[in-house]
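Asker: As a plain string of letters, each chain reads:
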Amino acid sequence: MDVIGNLLAGFQTALGLHNIYLCFIGCLFGTMVGVLPGIGPLVGISLLIPATYGIDATGAIIMLAGIYYGAMYGGSTTSILMNIPGESASVITCVDGYQMTQKGRGGAALFISAWGSFVGGNLSILGLMILAPLLANFATRFGPPEIFAVLMLAFILLGSLGSGSFFKTMPMIFLGMFLGTVGMDPLTGNFRFTHGVKDLYDGIGFVPVAMGAFGIGEILTVTEESLVRVIHKVRMRELLPTREELRASWGPIFRGSGLGFLIGILPGSAHVLSSFVSYAVEKKVSSHSEEFGTGRIEGVAGPETANNAATGGAMIPFLGIGIPTGPATAVMMIALMIHGIRPGPLFISEQPQIFWGLIASMYIGNVILLILNLPLVGIFINLLRVPFRILFPLVLIICLVGTYSVSSSTFDLLILLGSGVFGYIFRKLKYDLAPFILALIIGPLLEVSLRQSLMRSDGSFSIFWNSPISLTLLGVSSLLFVWNLITTLKPKSTWKKVLEQE
Amino acid sequence: MLKFLYFDNTCLKREVAMKSFRIFGGIICFLLGLAALAGGAEYPARPITLINPMPPGGTLDLQSRAFASVAEKIIGQPMVVVNKSGATGMVGGVAGATAAPDGYTLTVGSVNLTNAIEWEIANGRKPPFTRHDFISICSFTLSPTLLIVNPDSPWKTLGDFLKDAKARPGQIAFCSGGLYGMSHLPIEIFARAAGLKFRHVPYSGGGPCISAVVGKHVDFAMQYPPTSLPLIRGGKLKALAVVGKERLKSAPDIPCMKDAGIDAEYYGWVGIMAPKKTPQPIVEKLREVAKKVCSDKSFIDLIEKPGDEVNLLIGDEFAKYWDQESQKIGKVQAELAKEAAKK
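Protein sequences appear in the order of chains A and B. Quick note, the first sequence lines up with residues 1 to 502 if you use my numbering. Quick note, the second sequence lines up with residues 1 to 343 if you use my numbering.
Don't read these hints as lab results, they were simulated from the structure. Take the hints with a grain of salt, since some may be wrong.
[Unchecked claim] So the derived list for chain B, only partly shown, Cβ under 8 Å to chain A, looks like this:
(1) P208
(2) V214
(3) P230
[Unchecked claim] No more than 25 Å apart at the CA atoms, straight line, and that leaves these computed lysine to aspartate or glutamate pairs for DMTMM-like:
(4) B/K320 - B/E120
(5) B/K338 - A/D185
(6) A/K198 - B/D133
(7) B/K126 - A/D199
Because the structure is a prediction, the values reported are computed rather than measured. The beta carbon of each residue, even a glycine, is placed where N, CA and C say it ideally should be.
Go ahead and model the full structure; you've got the sequences and the hints to work with.
Answerer: This is the structure in structure tokens:
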């Protein structure tokens with residue numbers, strides 16, 4: 001096989017001392033970017049591009065890619081320990097990850113998250129390596145109608161995301177979708193619900209909202225009780241997952257790898273979507289689905305694997321034909337262009353040393369990240385020993401600095417704090433925040449893809465069934481919807497069980 | 001002198017000591033004052049902030065960082081790029097226009113600002129700032145777009161395309177990377193110059209827009225050479241024309257609009273601006289720096305390797321270009337605003 005020969009040559013490139021060093025720097029920086037709330041991989045890569053001016057193209061892309069997938073490793077840390085999403089793809093990890101910390105299983109959650117990231121990362125590189133040229137062309141077949149169908153399917157899957165009742169989940173979804181419409185309508189240029197406030201022209205960013213609703217809301221909640229709270233002492237045994245936890249996470253890790261990789265190929269907010277979808281799928285297939293939201297390891301393993309696997313998928317259209325489908329890959333492409341390399345359909349055949357060097361370095365980077373992150377579990381978990389009166393003001397400052405450093409906008413700080421109060425109130429009222437955040441992210445994408453399709457077809461809905469991809473996906477969505485309806489209307493079997501037991 | 005201080009009379013001694021202290025102090029103050037004056041003449045004495053009104057990532061961000069990285073070597077002070085994004089560049093633009101006019105806060109401008117300002121005017125709103133709130137230092141790129149289509153499309157030449165577009169007004173669909181933005185306006189200008197009508201599907205960003213042409217979700221688009229040339233070479237796209245007066249140096253086989261007798265021009269530019277009341281000596285100094293940056297090999301590499309070209313317009317040349325461009329774009333935006341209002 002050609003692949004093996006090329007890969008060996010790639011390892012020759014990637015194992016050069018210089019490139020290993022760059023890979024390490026990228027992974028380290030990526031982990032930091034992931035851990036720090038607010039600053040995501042996009043900002044991290046953009047900031048380090050000037051540092052690559054003096055490096056060759058291969059070294060530069062090795063380092064920048066390291067930041068990209070490294071950030072997916074680090075993102076889970078604050079989600080699990082403090083209920084603050086480290087970056088957008090780790091929002092859903094907060095739900096069960098933080099509950100695990102509350103139960104004293106935070107170390108295990110971090111461990112599994114690193115392990116899942118490692119497996120997902122490697123499997124997706126494998127996919128990238130073998131399928132890149134094939135799938136790159138497939139990715140361009142996803143136009144507005146196909147994207148609409150994918151999002152529709154995701155939305156129906158996610159209807160079951162909340163742990164609360166239907167009547168508490170739906171208002172949150174609608175509220176999220178409503179807030180998603182604020183700002184300039186990308187298809188007409190009209191301003192919606194901005195009331196002349198210039199800072200709202202670009203809409204409400206979901207990163208400050210998610211950080212506020214989860215993180216600051218949590219701080220506010222904890223301050224009610226922290227004075228009498230006993231600080232949790234972490235024993236070594238608790239750092240490692242139990243055999244049961246390990247067994248429970250194998251399924252989610254493999255499913256997450258597949259889902260993440262496939263969703264990663266699609267244009268748009270692939271990482272966020274992949275983590276949410278993985279969570280929803282795990283909840284659907286689990287025999288303990290009612291326990292999701294109370295600290296199930298599957299709720300951490302699946303999403304954290306999926307967002308890492310999505311990096312491999314997202315690099316397919318970028319490396320395969322030179323079309324970046326997300327902002328992070330777009331920046332990496334520009335970085336390559338600065339070095340005179342212009343990724344296009346001929347990239348892999350004309351620049352094999354860069355492509356295979358990068359692939360090999362990603363395998364190495366994943367090993368580095370695993371080695372880097374497992375001992376970090378022990379260090380990070382000690383954060384829980386810091387008294388709340390010191391830890392939480394510190395966390396608040398990190399949230400504020402993280403938010404401000406991205407856009408230098410004081411308005412985003414207000415959104416952060418406002419969402420904190422909002423998160424606190426709705427938590428008290430026992431509403432779920434995850435469906436709200438998700439609707440805020442997916443709502444605008446769904447709306448735009450629907451309207452783009454209809455603009456293309458001049459208002460005819462036939463565009464949705466003329467494409468075999470969208471027809472299939474919409475068919476599956478309808479079946480799922482009907483099935484959901486039946487299971488919801490049927491008397492709750494779980495209640496029956498409970499009653500029978502009593 | 002020292003002996004003088006050892007006089008027995010302690011009172012005198014103290015007095016003399018005081019006096020010499022005062023004189024010494026005076027000299028220090030004088031020297032400090034001189035240094036401060038000299039510092040004023042020796043602009044820049046501290047780091048310069050370069051406001052980029054667009055978020056991190058993207059060509060504009062990279063080109064401004066490239067400019068800053070070379071400029072700081074020339075001026076001997078750090079030049080820090082700060083992304084102040086929001087409202088399609090308006091937030092950062094306001095911050096740059098209202099900054100202290102001391103040469104320590106500069107703004108990165110691009111054709112995006114013209115688009116946004118003229119769109120506000122076209123809709124009868126007062127833009128928060130205009131080009132008159134700035135003094136032009138320089139613009140350093142001026143790149144045309146390419147009319148790109150799918151290689152499987154029936155059009156082999158611009159002529160085929162024009163003929164078909166005439167026959168089917170409003171049927172052929174194009175995409176842009178954003179409404180009223182730098183890949184939408186060239187198409188509107190072209191459509192007006194050639195007397196054609198198309199159907200518009202706005203996308204979010206250049207990448208998704210190119211992908212839509214490759215995936216045959218729309219019929220054509222206009223995109224910039226750095227991102228489209230590799231795909232043209234790889235056979236995923238076909239370029240029918242350069243939207244401008246001249247052919248590209250890097251791809252001379254693609255005809256330009258002028259070859260077909262169509263007067264359609266639109267260029268993406270990136271430039272540096274200072275607030276309106278910046279003192280003339282500082283402006284002159286900055287223009288000197290800009291000239292040096294644009295002839296610097298490492299800067300040219302950073303711009304040209306990705307496929308763009310360094311095209312320096314200094315001071316008034318740039319201001320004049322900006323005026324002409326604003327008028328042209330303003331006219332198109334006014335028509336677009338009227339159409340949008342009808343819907």
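Asker: Take the hints in turn and mark each one as holding or not.
Answerer: How the hints compare with the structure:
no., hint, verdict
1, P208, "holds, 6 Å"
2, V214, "holds, 5 Å"
3, P230, "holds, 3 Å"
4, B/K320 - B/E120, "holds, 21 Å"
5, B/K338 - A/D185, "holds, 17 Å"
6, A/K198 - B/D133, "holds, 19 Å"
7, B/K126 - A/D199, "holds, 16 Å"
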